[in-house]
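Participant: Quick note on numbering: numbering that gives the first Met the number 0 labels position 79 of the sequence shown as 78, and the sequence is numbered without any gaps.
One should not assume that every hint holds.
Said to hold, decoys possible - Simulated restraints, written as ranges between beta carbons of each label pair:
no.: 1; residue 1: 51; residue 2: 7; range: 21 to 29 Å
no.: 2; residue 1: 38; residue 2: 71; range: 34 to 42 Å
no.: 3; residue 1: 41; residue 2: 66; range: 34 to 42 Å
no.: 4; residue 1: 7; residue 2: 66; range: 31 to 39 Å
no.: 5; residue 1: 62; residue 2: 27; range: 16 to 24 Å
no.: 6; residue 1: 71; residue 2: 29; range: 36 to 44 Å
no.: 7; residue 1: 69; residue 2: 33; range: 32 to 40 Å
no.: 8; residue 1: 69; residue 2: 30; range: 33 to 41 Å
no.: 9; residue 1: 71; residue 2: 30; range: 39 to 47 Å
no.: 10; residue 1: 68; residue 2: 42; range: 33 to 41 Å
no.: 11; residue 1: 37; residue 2: 74; range: 15 to 23 Å
FYI, nobody ran anything at the bench for these hints, they're computed from the structure. Heads up, the beta-carbon is just placed ideally off N, CA and C, and yes, glycines get one too.
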Amino acid sequence: MSQKYSEENIPKSCQEIAHYSDKMQYGEASFWERLKLKMHISYCERCKKYNSKNSLLTNIFKKKDYKVLDIKDLEEIKEKVNSDY
Numbered sequence: 000m001s002q003k004y005s006e007e008n009i010p011k012s013c014q015e016i017a018h019y020s021d022k023m024q025y026g027e028a029s030f031w032e033r034l035k036l037k038m039h040i041s042y043c044e045r046c047k048k049y050n051s052k053n054s055l056l057t058n059i060f061k062k063k064d065y066k067v068l069d070i071k072d073l074e075e076i077k078e079k080v081n082s083d084y
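Work out the full structure: start from the sequences and follow the hints.
Facilitator: Here is the structure:
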């Protein structure tokens, strides 16, 4: 059973790590942010999963030059992201 997360029930530390993960995808994370991210995901499964999906999405969009997403593209992306989890 999958639990739905809202900002209210996600610990502040995990929210901060999600922000670092997002910055990392754009090459904007500092050394300390990258270090905190790596340390945190070593023990937090929720953040590890978020970081993995975030990386996967970034790689999907880098490989294919999407101008506009149609339904077929969206379904393909959803399938790829959810296939490993």
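Participant: Is 15 to 23 Å a correct range for the gap between the Cβ atoms of residue 37 and residue 74?
Facilitator: This hint is violated: roughly 33 Å between Cβ atoms.
Participant: Cβ-Cβ distance between residue 62 and residue 27: within 16 to 24 Å?
Facilitator: At roughly 21 Å between Cβ atoms, residue 27 and residue 62 fall inside 16 to 24 Å, so the hint holds.
Participant: Within 33 to 41 Å or not, the Cβ separation of residue 69 and residue 30?
Facilitator: 40 Å, holds
Participant: Using the beta carbons of residue 38 and residue 71, state whether their distance is inside 34 to 42 Å or not.
Facilitator: 40 Å, holds
Participant: Assuming the hint says 32 to 40 Å, is it satisfied by the Cβ distance from residue 69 to residue 33 or not?
Facilitator: 35 Å, holds
Participant: Could you check the hint for me, namely that residue 7 and residue 66 are 31 to 39 Å apart, CB to CB?
Facilitator: Holds - the Cβ-Cβ distance for residue 7 and residue 66, about 36 Å, lies within 31 to 39 Å.
Participant: For the range 39 to 47 Å, tell me whether the beta carbons of residue 71 and residue 30 fit it or not.
Facilitator: 41 Å, holds
Participant: Between the beta carbons of residue 41 and residue 66, is the distance compatible with 34 to 42 Å?
Facilitator: This hint holds: roughly 38 Å between Cβ atoms.
Participant: CB of residue 51 to CB of residue 7, is that within 21 to 29 Å?
Facilitator: The hinted range 21 to 29 Å holds for residue 51 and residue 7, with Cβ atoms some 24 Å apart.
Participant: For residue 68 and residue 42, compare the CB-CB distance with the range 33 to 41 Å and indicate the outcome.
Facilitator: At roughly 35 Å between Cβ atoms, residue 42 and residue 68 fall inside 33 to 41 Å, so the hint holds.
Participant: Could you see if the CB distance from residue 71 to residue 29 stays within 36 to 44 Å?
Facilitator: Distance hint for residue 71, residue 29 holds at roughly 39 Å.
Of the numbered hints stated above, the single one contradicted by the structure is hint 11.
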